[in-house]
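Once you have looked at the hints, place chains B and C on chain A.
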Amino acid sequence: MSDQTPNEGMDRRRFLTVLGATGAGAMAVSGCSTERIEKLVPYLVQSEDQVPGIPTYYASTCTECSAGCGLHVKTREGRAIKLEGNPQHPVNAGKMCSHGESALQGLYNPGRLTGPKTRQPDGSFKDVTWDEAIASLAGKLSGAAGKVAVISGAGRGTFSDFLAEWTAAAGGRVVRYEPFAHEALRAANLRTFGTNELPAHDFAAAKYIVSFGADFLENWLSPLENQRGFAKSHGYDNGNMAKHVAFAPRMSLTGMNADEWHPTKPGADTAIVLAMANVLLSERSGNPADANALRGALAAFTPEKAQESSGVGAEVIRRVAREFASARPSLAVAGGIGNQHRGAVDLCAAVNLLNYIAGNVGTTVNFGSDLDGGEGYGAVEALGSDMDGGRVSLVLVHEANPVYSLPAKGGFAAKFKKVPFKVSTSLYLDETAALCDLLLPGLHALERWDDLRPRRGVIGLMQPVMQPVFNGMATGDLLLKMAQKAGGAFSRFNAPSWEAYLKTQWQTVARAQGATDTESFWRAALQRGGVYTEAPVTAVRLAASAGQIGSTPASFDGSEGGDSYWFAPYASVLGDGRFANRPWLLELSDPVTKITWHSWVEIHPELAKRLDVREGEILRLTSPHGNIEAPAYIYPGLHPDVVAVPLGLGHTAFGDYAKDRGVNALDLLDAKDGNGFLPYLATRVTLTKTGQYKKLAKTEGTTRQLGRGIADAMTLEQAKKGLTPALALEEQGHEEHEINTEREVEAIHGFRESQLEKRKHGAYAAEQPMWGMAIDLAKCTGCSACVTACYAENNIPHVGEDEVRRGREMTWIRIERFWEGGGDTGDPLESRVIPMLCQHCDAAPCEPVCPVYAAYHTPDGLNGQIYNRCVGTRYCSNNCPYKVRYFNWFAYAKKAFPEPLNLQLNPDVTVRARGVMEKCTMCVHRIRDAQTTARLEGRELKEGDVNTACAQACPSDAIVFGNMKDPGSKVMALKTNHRGYHVFEEINVRPAITYLAKVLHRTEA
Amino acid sequence: MAKPVPGVLAIFEHIDAACDAIRSLRAQGKRNFTVYSAAPNHELEEALGVTNSPVRLFTLVGGVTGCLAGVGMTFWMSLDWPLLVGGKPIATIPPYVVFMFELMVLIGALSTVVGLVVLSLAKRTTGLAYDPSFSDDRIGIFVPAGGDTGSEIERIVRDAGAVEVRNAA
Amino acid sequence: MAVIAHDPHHSNQTHAEVTRDVVNTLGTADRGYFIALGVAVLCFLVGIGTFTMLLKDGLGLAGYAPPVMWAVYITTFVFWIGIGHAGTLISAILFLFRSPWRTAVYRATEAMTVFAVMTAGLFPIIHIGRQWFFYWLLPYPNARFLWPNFKSPLIWDVFAISTYLTVSTTFLCVGLVPDIAAARDKMRGWRHKVYSFFSLGWKGTDNQWRHYTRAYLYLAALATPLVLSVHSVVSWDFAMSIIPGWHGTIFAPYFVAGAIYSGVGMVLTILIPLRKALKIEHMITEYHFDNLAKLTLLTGSILFYAYAMEYFIAWYSGNPFEQETFWRRAFGPMWWAGWTMIICNAFVSQLFWFRKIRTNLTALFVISIFVNIGMWFERYVIIVSSLSNDYDPYAWGQMTPTWADWGILLGSFGWFSMWFILFARTFPVVAIQELKEMIPMPRLRKGGH
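Residue numbers (my numbering), protein chains in the order written: chain A, 1 to 1005; chain B, 1006 to 1174; chain C, 1175 to 1623.
The following block holds chain A by itself, in its conformation from the complex (with noise of 0.2 Å):
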C-alpha cells in the first residue's frame, strides 16, 4: 500500500488511517450513533482513529452491479460522505462511475425502511420489533415443510453461499436472478467453446473494436473496467489508436464512442457477423485449422446476403471485415440488454467464431476467471408458475425486485401475491417489498459486513463503516438468528454473528491463499479491500457444437405492417431501475439524449417528419402486450424505423423520488422465455399522437457547435501530421475569421499584446501554485461519472424536473454533447462530447463586475466564489462566456436534503444559501486541505498530492489536474501537446483548462 500510486488523493496520514480501518476501527465507529452525529456532540471517549475534522478512509466493496468494483469510503465523524475508487483493486483501479457515486444516496435514502414491519389485516404495515419479526418468520418457516423459495440478486459470494446452504436446510430453493444477467451470451459460450463461462475481454489490448448491440461503456459485463481499457486503446496515444466500429439499432453512449455507427436493423446483425466470419475464412490464409472446417457452414453466408436482411451495405462488411483480420489482436463483443433479441444466441455464438478465426480467443478474449451467473430467467418463469401452482408457500425476497423488473404481461406480481407467506429483506418499500407480509429490512453495504466476489481470484470484502442509518439487521445475522431459533436441520449454523460465520469462512480463503496466520491475513485484506489474484487463462478450442450455425430468427411479435415500428428498450443511467430512487442520478441528464427525470421515447427525425411529430408530443405506444406513453425525442442515433425507450422509470413504489415518475417501457414486452433469457428487442409497437405536448427536462440549448470549436475534434492523419486544432479546421475547409492585411496581423497582435501586459500589473506578486486541468476529449466518453463525483463531493443541490425545465440545474461539471454531420448533411452522424466547467481565467470576465469583490482571483490562479459575499446580482453569469456559474433561484439545497440525506454533505463544503452564485471551484477545500498536510510535515506540495472529485473519479483516466507552474507535472505535458486548444480562444480570457481535440479513426477513403 507504500507504493501507492500518488494521484489518488492518498497521503501519509489518509494511507494510515485505512490501515487503521480494522475491525477494532469500525466497531469504533459503530460506537457513536447517528442521532448523536446529527446534534454533532463530540465524542466522549475518541477512540484513537477518530479525529474529528480529519476524515477516516475504509477499504469497501461497491455492490450497485455486479462488476465489484473496490471502494475507499470517506468518513467524516462516523459517517460515509463520498466513495472513492480503491486504487489496488483490478477491476477500477481507484475509478468510479455514476452508480458507484450515488451508493451513498441509497445509503441516506429517505425512502430507506426504518425497521422490521408485518403487514396487518387491513393491508398497512405495523412497526415490530426483530424478535417478533424473526418469531413470526421462524414459526412460518418450520409450517412451510420445505415449500420455501428465495429469490435473490445474482451477486456471488460467502453470503449467496450461506443462503443457499441455509435454503437448502430449510427445504426450499434459491433463485438468483439478475434482470441483465447476459444469459444469452453464456448459452452462446457453451455452444461455441463448451463451457457456459462469460469470458474477460481486453479491451486495452484491442486494436481494432467491433460490436454489435453490445453497450460495453454502460451495462455490459463489467462496464467501468470495459471502460479503461476503451480508454487506454483507443484514447490517441502520438499516432496510435484502436478503431471502434458499432452495428446496432440505436446509437448508445457505446454507439457515440463508435469511430463508425452503422444503423442496423433489429435482428439482423447475425448475418453481418456471419458475414465477416466468412470474409475472414475465404480471403485469409493462417485461420485456425478447426475454423477453416467452418468455411463450408459459412460459405452460404455472403456479406450481399447479409446487405439484404440488415441493410449495412456489403462493401462496408467487407472492409471492416478485413481491417477486423488485419488489426491483430481485434476484439468482436455482441448481447447485452440494448440488442437482446430472440436470436441473441445465434448472435453471440456467431461473434464467437469471428474471435475465435480472428485469433483473438486467449489473447483479448479470455476464459478462466468467470462464476456462475445466477438461475437465469428461466428459473424465474418457473418459480412464477411454481408459486401460480401453490407449490411455494413461503418466499424470501433479497436484493431483487422481479415485481418490476419483469414485464407485467407475465402477471408475476398476481403469482407472487399467491403466496401465503412473502417475505422482503429490501431496504427500500419496493414493488416486491410493497407485496409482502413481513418487512425485515436489511443493511446497507457500508453498514454491514460481507463479501463479494465479482470473479474467480478477485474476492471484495465490506465492513461497516458506519453506524446503520436505520434499525435494519444485517440479512446474514438474520438467518443465523432464525437458524439457531429454529434448530434442527439449521442446528450447525451456530455462529455467533454474521461477521464471525465471515471470518471463519475466510480461514478456508486465507488457507487457499497459503496463509498461515489467519487473523493478520484478514486484517491485511480488510486494510487492502479484499483479496486480488489473477485467475489462470484457460485455453478454449471450438466445441463439436460450435457449427450450429443461426437457427433461431429475431421474431418480433406485432404487426409487421408499415405503420408499426421496432420497440428497442435500452438500459441508461437508471439501469435496470434499481437507481430511481436517487436524486443524483434522476438529474443526471442521460448521457445521449440530455433528458433528466422523465421518461421519453426516441423517434427518427425521418419518422418524426412523417408522421409530424414535434419534440415534446407525447405519443402513445402501443405493442400487442400493452401500451405506454412518453413525450417524443428526436433522435437521428437510430435505424430510421426504430423507437427506442430507457428502462429504469415508472415506479408504483420505492420511495418518493421514483414513485409515479415516468413509465416502464417493460410494460410493452411479452414476458415468455426466448430460450433462456427475456428478449427484450422482441417487439413492434405502433404509434399514436395525443396531439399533448410536455417541454422536455434536458439540459441542452442545442444540439450543433455552429462551427464555434467547442468540442474540436481532427482525423487521425491529421494528429499524426501533429497538427493543431485550428490547423486541422482549416484544412477541413471551414477556415476561422482569416486575417489577411500586415495590418490587421499587427493590429490585433498588439492589441492582445497589450492586453497582456495590462494583466501584469494586477498579478500577484507571491510564488504560488498555479492550478490547471487538461482534458483529453479523445478519451472522454461523457460517461458522466464526473458530474456524480462532483455532486457528491461539493454539497450540489438537485433542483426538480421544473426547475431542469427552466434551465436551473446546478451542474458544477456538465457534459456537453454536440451532433456532426447526420440528418441531411450527408456525413455520418458524429458525436462530440465535452465536459464543461469553470475554465478558471486567467483574464475572467466574470470577475472585474462582481460590485462585491464575491468573484475574485485568488494567489494560486483559482476564480474564486466568496458565498457569503456574493449578493446576487448575476452580472458574473451574464458575462461568463463558458455559462459555467449557477445560480441559487430558490433554497434548493433545503429541499434536496431531506433527512437522512443531509447525513451525506461535505463538511469541508458550504451548503449555498437562497440567492448566490455557485460554481465549479476546482476542489478548494481539497487543495487547501493538502497545502495544510504538506505544511505540518514540512515539505512543498508536491505532484499527485491534490486532486480534483471529477479527475479522480474519472474512468477514461481524460481529466488530469495539476500545477501549470510545475514542469514536470502530467497536466503540463498534456497542456503542451499539439492537440491543446483553448474553448473560445479568440476571446483571450485565457482559461486554466487546455482541452485536446477529439481524434476521429475515420476510414482512409
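A couple of the hints might just be wrong.
[Said to hold, decoys possible] DSS-like, lysine-lysine: derived pairs with alpha carbons at most 30 Å apart:
| id | chain 1 | residue 1 | chain 2 | residue 2 |
| --- | --- | --- | --- | --- |
| 1 | C | Lys-1367 | B | Lys-1008 |
| 2 | C | Lys-1450 | A | Lys-695 |
| 3 | C | Lys-1230 | A | Lys-895 |
| 4 | A | Lys-305 | A | Lys-207 |
| 5 | B | Lys-1093 | A | Lys-965 |
| 6 | C | Lys-1450 | C | Lys-1468 |
| 7 | A | Lys-232 | A | Lys-417 |
| 8 | A | Lys-894 | C | Lys-1230 |
| 9 | C | Lys-1230 | B | Lys-1128 |
| 10 | C | Lys-1450 | B | Lys-1008 |
| 11 | B | Lys-1128 | C | Lys-1367 |
[To be verified] Cβ-Cβ distance ranges computed for the label pairs, FRET-style:
| id | chain 1 | residue 1 | chain 2 | residue 2 | range |
| --- | --- | --- | --- | --- | --- |
| 12 | A | Ala-973 | C | Tyr-1485 | 42 to 52 Å |
| 13 | C | Pro-1399 | A | Ala-973 | 55 to 65 Å |
| 14 | B | Glu-1157 | C | Leu-1618 | 45 to 55 Å |
| 15 | C | Phe-1372 | B | Ala-1074 | 26 to 36 Å |
[Said to hold, decoys possible] Derived contacts from chain B toward chain C, CB cut-off under 8 Å, selection only:
| id | residue |
| --- | --- |
| 16 | Tyr-1041 |
| 17 | Ala-1044 |
| 18 | Thr-1079 |
| 19 | Asp-1085 |
| 20 | Lys-1093 |
| 21 | Val-1103 |
Just so you know, the hints here were simulated from the structure itself, not pulled from any lab data. We put the CB at the ideal spot given by N, CA and C, even for glycine.
Positioned in the frame of chain A, the structure of chains B and C alone reads:
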C-alpha cells in the same frame, strides 16, 4: 415673528415706474431698501445695479472637492484591500473617472444650494413689510425709514407712480 | 435642438391670470382624481405583494431561465431611468439653450424625472438575489473593511443614479420655491400655513432673486452633463460586458438618445391628459406639443441610425457570435419583440415629419403609447435575446416571464403614477415665475425702455 421694521412700503403696477422710483431713491443715497417682484426682471436689476452673485464660488469649490473626493475614495479603497479581478490593475484611472465625475456633480450641486440658502439669509427679510400681491403682479419697494424721513420717501415713490403707499410701523 | 419659434400665446396673459390659473390647479380635487389615484395605489400594492413573495421564496418565482440571468426587472429599470432623461433635458439643457417653449412644460417633466428615477432606483434592490444585503453595494466601513469593486459597472450605476436622483430632486425643489410662495399668498387658512412652510420664507426680494437666478443657472449647468452621463453609465452595464449584442462602443450615445426618446414619449403621454384635467390647455398648447414632437423625431431618427449601425457592424465585423446574435434578434424565437422595437422606435417616430401629425393631439397620444411600448421592448430585446444565445450553444435557453415579472412591472407603474398624481394637485405643475419672466410687465409710458 420678528418685530416689524418702521418704513414706507410702495406698491407699483408698472415696471418703468418702479425702476424710476429705485433710481431716484438711489440718487437720494438710499441703499438699504428692498424690492419685491414675482419674477426676476432685468430692468429692476439694471436699476438696482445688481452685480454677479458670489454663489458660483460655492459651486466651484464644491465641484473641485467632489472630484478630489472621487479620486481619493476609489484609489484608497482599492489599495486598502487589493484584490485581483479579471487580471486588471488593482487601481486604475479609466473606471474611476466615473466616480470623480459623479461626486463632482453631486457635491457641486449640493454646495450650490447651500450657497443659495446662506447668501439669501445674509440679508434679513423678516419684519419687513410685505404684500401678497408682490408674488402676483405687483412690484413692491420697502424703504426702512424712521419718523420724519418717511414723508420724503413717500413723495419720491408717488412721483415715480406708485399705485399705493403704506406707512409701516 | 428643436426650432425655437416665438410663442404667440404667452403675450395674451397677464401675470395675474398666470397666477390665478396655476393656483386654481392646486388642492381642488374631483372624483376622477381620486379614482386615478386609487388605481395607481392598487397597482402599487400589487407590486408590494409580488416583492413580498420574492423575499419569501426567492427570485426563482420570476421567469428567469439561465443563461438569461437578467430579464424583466433590469428591462424595467433601464426603462424608468430612460424616462427620467427627458425631464432633465427639457428643464436643464433647454434652459441653457434658452428655448422659450420649455417654460410651460418643464415643471411637469422635471417632476416626472424625479419620480421615474425614484422608481428605477428600486429595481437594483428588487432584482438581486439577496435583497436584504443591497447596502453591500455602498462603500461603508464594514466589519472587515471590505470595499465595493469600483471596476464594476454596477457600482458606477449606484453612484450615477443616486447622484442623478439627488441633483434632479434639488433642481425641482429650487424651482418650486418661488411658485409655492406665489401659491401661499393666494391661499387662506391651513393651506396658507402649509405653503408658507414649504415656501421657506420666500419673499422675492431683489437679494433673493440675485442669488436665486445664478444658483439656478449653475444647477442647470451641472445637471446637463449629468443627464448625459447617467444613461451612458447605464448603457455600460451592458457595453462593458463581453456578450454579443451588448459589447458595443455605440451604446452610450445610442442609449442616451433612446432615453430621451422614451422620456419625451412619456411626457406626451402624461401632458395630454394632464392639461385637460387641470384646465391649462391655454398654457400648454399645440406649440409645445409641436416642439416635443420634433424632439421625438430627432431622437427617434438617432435610434434608427443606431439600430442600422448595430446590424451593419455585426455584419462588417465578421464576428460569427455577433452575427448569430443579430440574426436571431430579427429571425430567432424572439423575432416579434425585435420587430416591435424597430417598428415602434425607428419607424413610428418618422411620422412626425408631418406637421399635421405633430399638432394632432390624438395622434400624438397614440404614438406616444407606441413609443413607450417600443422603448420597453428595446431594453427587453437587448437584454433577454442577447443573453439567450451567447457563446456556448449548449447552454442556450429561452425565458418566458411569469406573474412575478408582470407584478413588479405593474407595481412600478403604480408607484410612479401615485407620486405624480399626488404632485399634480399639490404643487404648481406650470412654472409660474418663469412664465412671468417671459411676459412683459405693464408700463406707464409707452415705448420707453
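Quick rundown of the hints versus the structure:
1. C:Lys-1367 x B:Lys-1008: Holds: Lys-1367 (chain C) and Lys-1008 (chain B) sit about 20 Å apart, inside 30 Å.
2. C:Lys-1450 x A:Lys-695: Violated: Lys-1450 (chain C) and Lys-695 (chain A) sit about 51 Å apart, past 30 Å.
3. C:Lys-1230 x A:Lys-895: Distance ~15 Å between Lys-1230 (chain C) and Lys-895 (chain A) Cα, so the pair holds.
4. A:Lys-305 x A:Lys-207: holds, 28 Å
5. B:Lys-1093 x A:Lys-965: holds, 21 Å
6. C:Lys-1450 x C:Lys-1468: holds, 22 Å
7. A:Lys-232 x A:Lys-417: violated, 50 Å
8. A:Lys-894 x C:Lys-1230: holds, 14 Å
9. C:Lys-1230 x B:Lys-1128: Violated, because 56 Å separates the two Cα atoms, which is more than 30 Å.
10. C:Lys-1450 x B:Lys-1008: Judged against 30 Å, a Cα distance of about 46 Å means the pair is violated.
11. B:Lys-1128 x C:Lys-1367: At roughly 24 Å apart (the allowed maximum being 30 Å), Lys-1367 (chain C) and Lys-1128 (chain B) satisfy the hint.
12. A:Ala-973 x C:Tyr-1485: 42 to 52 Å: holds, 47 Å
13. C:Pro-1399 x A:Ala-973: 55 to 65 Å: Given about 57 Å between the Cβ atoms, the range holds.
14. B:Glu-1157 x C:Leu-1618: 45 to 55 Å: violated, 22 Å
15. C:Phe-1372 x B:Ala-1074: 26 to 36 Å: Holds, since Phe-1372 (chain C) and Ala-1074 (chain B) (Cβ atoms, about 31 Å apart) stay within the stated range.
16. Tyr-1041: holds, 5 Å
17. Ala-1044: holds, 4 Å
18. Thr-1079: holds, 5 Å
19. Asp-1085: OK, holds: Asp-1085 (chain B) within 8 Å of chain C, min 6 Å.
20. Lys-1093: Since chain C brings a Cβ to about 6 Å from Lys-1093 (chain B), closer than 8 Å, the hint holds.
21. Val-1103: Holds, because the Cβ-Cβ distance from Val-1103 (chain B) to chain C comes to roughly 5 Å (cut-off 8 Å).
Comparing the model with each earlier hint shows violations of hints 2, 7, 9, 10 and 14; every other hint is respected.
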